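The listed protein sequences derive, respectively, from chains A and B. Residues in the first sequence are numbered consecutively from 309, following this note's numbering. Residues in the second sequence are numbered consecutively from 7, following this note's numbering.
What the hints contain is simulated information worked out from the structure, not anything from laboratory work. This structure is a prediction, so every number in the text was calculated from the model and none was measured. It cannot be assumed that every hint is accurate.
[Stated by the list, open to error] Selected chain B positions facing chain A (in silico; Cβ < 10 Å): (1) D49; (2) G50; (3) S60; (4) L88; (5) R93; (6) K112; (7) I116; (8) R120; (9) E204; (10) G205.
[Claimed, not checked] Covered, in the sense of this in silico footprint (three residues per stretch, anywhere, with C-beta under 8 Å from a C-beta of chain B), are these stretches of chain A: (11) 379-392; (12) 425-438.
All C-beta atoms in this analysis are idealised placements derived from N, C-alpha and C, irrespective of residue type, glycine included.
One-letter residues, chain by chain:
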Amino acid sequence: MSNDGLILDLSADLVSVRRRSALREAILLLAVAVAELALFLWLGMMRPDMGRMIGSGYMLWKLGSLAALAAMSCATAIRSFSPVVSPRTGSVLTLALAGAAIAAATFIDPGAASGSAILDRLSPARGLLCATSIVVLSMPIMAVLAMLMRRGAPAHPRASAFASGLAAASCGALVFAFCCPINDPLYIIVWYSAGCVVVVMAARWLLPRRFRL
Amino acid sequence: MRLRSLSTFVTIPPPERGRRMDGRPSSEPARDEWGGLMVAAQDGHGGAYRRLLSAISEWLYGYFQRRLPHRDVDDAVQETLLAVHRRRHTYDPRYPFKPWLAAIAKRKWIDQLRGLGRRPTEALHEDLSIGDHEASVTSASILVGLLERLRPAQAQVITLVKLQGYSIEEASGETGLSQSAVKMNIHRGLARLTAYIEGAQNVE
Numbered sequence: 309m310s311n312d313g314l315i316l317d318l319s320a321d322l323v324s325v326r327r328r329s330a331l332r333e334a335i336l337l338l339a340v341a342v343a344e345l346a347l348f349l350w351l352g353m354m355r356p357d358m359g360r361m362i363g364s365g366y367m368l369w370k371l372g373s374l375a376a377l378a379a380m381s382c383a384t385a386i387r388s389f390s391p392v393v394s395p396r397t398g399s400v401l402t403l404a405l406a407g408a409a410i411a412a413a414t415f416i417d418p419g420a421a422s423g424s425a426i427l428d429r430l431s432p433a434r435g436l437l438c439a440t441s442i443v444v445l446s447m448p449i450m451a452v453l454a455m456l457m458r459r460g461a462p463a464h465p466r467a468s469a470f471a472s473g474l475a476a477a478s479c480g481a482l483v484f485a486f487c488c489p490i491n492d493p494l495y496i497i498v499w500y501s502a503g504c505v506v507v508v509m510a511a512r513w514l515l516p517r518r519f520r521l
Numbered sequence: 007m008r009l010r011s012l013s014t015f016v017t018i019p020p021p022e023r024g025r026r027m028d029g030r031p032s033s034e035p036a037r038d039e040w041g042g043l044m045v046a047a048q049d050g051h052g053g054a055y056r057r058l059l060s061a062i063s064e065w066l067y068g069y070f071q072r073r074l075p076h077r078d079v080d081d082a083v084q085e086t087l088l089a090v091h092r093r094r095h096t097y098d099p100r101y102p103f104k105p106w107l108a109a110i111a112k113r114k115w116i117d118q119l120r121g122l123g124r125r126p127t128e129a130l131h132e133d134l135s136i137g138d139h140e141a142s143v144t145s146a147s148i149l150v151g152l153l154e155r156l157r158p159a160q161a162q163v164i165t166l167v168k169l170q171g172y173s174i175e176e177a178s179g180e181t182g183l184s185q186s187a188v189k190m191n192i193h194r195g196l197a198r199l200t201a202y203i204e205g206a207q208n209v210e
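All chains, full assembly: derive it from the sequences and hints.
Here is the structure:
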C-alpha cells in the first residue's frame with residue numbers, strides 16, 4: 309500500500325480519543341495499592357504490635373524507605389509510558405535511594421537480634437515466605453502497570469518494563485511491611501531485596517514481550 | 007576489500023539551518039502547527055489528521071532516508087504512521103509535537119535495525135538488473151556514520167551485506183571470514199548498534 313493510501317485509510321472514519329493522563333494513571337495505581345493494603349488489613353494480617361512499633365526508628369525506616377521507593381518508582385514508570393520520557397534517570401535514582409535506605413539500616417538498632425548468628429537472623433525458611441509474599445502482592449500492581457504500558461507509548465519498552473518492575477516490587481514490599489513481624493534490618497534487606505529482584509526480573513522479561521509501539 | 011574507513015563511502019556534512027540533509031529547503035513547520043493538527047485529530051477531525059499525516063510522512067521519509075538502507079525506508083515510514091495512529095492519544099498538547107514524533111520514529115528505527123539483523127540474506131541473481139549501490143549507501147548517511155562505532159569486522163560485513171546487497175557467501179569471500187563469522191558479526195554488530203542508539207539521546 310502506498311503512503312497516500314495508508315493515510316487515507318487511517319484518516320477515514322477517525323474517531324476521537326481520550327487523551328492519556330499521567331495523573332489519572334497515578335490515581336488508578338494508588339487506588340489499586342490502597343485497595344490491596346485495605347484488603348490485607350481487613351483480613352487481619354497486620355502485625356499485632358503495630359500500634360507500639362509505628363513510632364519506632366526501625367518502623368519509620370522500613371515504612372518510610374519503602375513508601376519513598378514506591379512513590380519514586382511509580383512516578384518513573386508512569387512518566388516513562390510517554391515516548392518523550394526515558395525512565396533511565398528515574399530508575400537510577402530509585403536504585404540510589406534503595407542503596408541509601410540500605411546504608412541507613414546500619415544506624416538502626418537490630419534490638420534483640422543483634423547477638424544472634426547471621427543464619428538465625430536471616431531465618432531462611434521464614435525469609436523465603438516473606439519474599440514469596442512480596443512477589444504475590446506485587447502482581448496486581450504489575451498487572452495494572454502492564455496494562456498502562458500497553459496503552460501508553462513507551463519509546464524504551466525494556467527500560468519501562470524494568471521501571472514498572474521496580475514500582476510493582478516496592479509497592480508489594482510496602483504492603484507486606486505492614487504484616488511482617490520481623491524487627492531485624494538485616495532480614496528486611498536480604499529477603500525484601502530477594503523478593504523485589506524476582507519481581508523486577510519477571511517484569512523486565514514479561515512486559516516487553518509482544519509489545520509493539 | 008578491507009574497510010579502511012567508512013567515511014570513504016560517504017562524507018556527512020553538517021546540515022545547514024533551515025535545510026534538509028538532502029539539500030532541499032526544510033519543510034518543517036512551526037511545532038504548534040503539527041501539534042494543533044494532532045489536537046484536532048484527537049478530537050476526531052479526519053481532515054486535520056490527513057493533513058498532519060501527509061506532512062509528517064514527508065518528514066519521516068527524510069528521517070529514515072538518512073538512517074536506513076533505501077529499500078527499508080518506505081516500510082519504516084508506514085510503520086511509524088501506524089504507530090502514530092495507534093498512540094495518538096498519548097500526545098500531550100501542552101508539549102511540542104516534534105519530540106513526540108521523533109521519539110516514536112527513533113523507536114521504529116531501532117525496530118527496523120533489529121529486523122535487518124533477523125532478515126535472511128539471499129544472494130541476488132547474476133543477471134538481475136539493478137542500479138549501483140551508491141545512492142542507498144550514501145542516503146543512509148547517519149547509519150554509515152554509526153557503523154564506525156563498531157569493530158571494523160562488524161562494520162565491514164554489515165556494510166557489505168545489509169547496505170550493498172552482498173550475499174553471505176560473497177561477503178565471506180570478500181572479507182576472508184567464514185560464513186558463520188559473517189553472520190555472527192552482522193548479528194552482534196546490529197545488536198550493539200541498536201543498544202547504542204537506544205542509550206543515546208540524539209543520534210545525528
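State the violated hints by number, sorted upward, taking the hints as numbered earlier in the document. 8, 12
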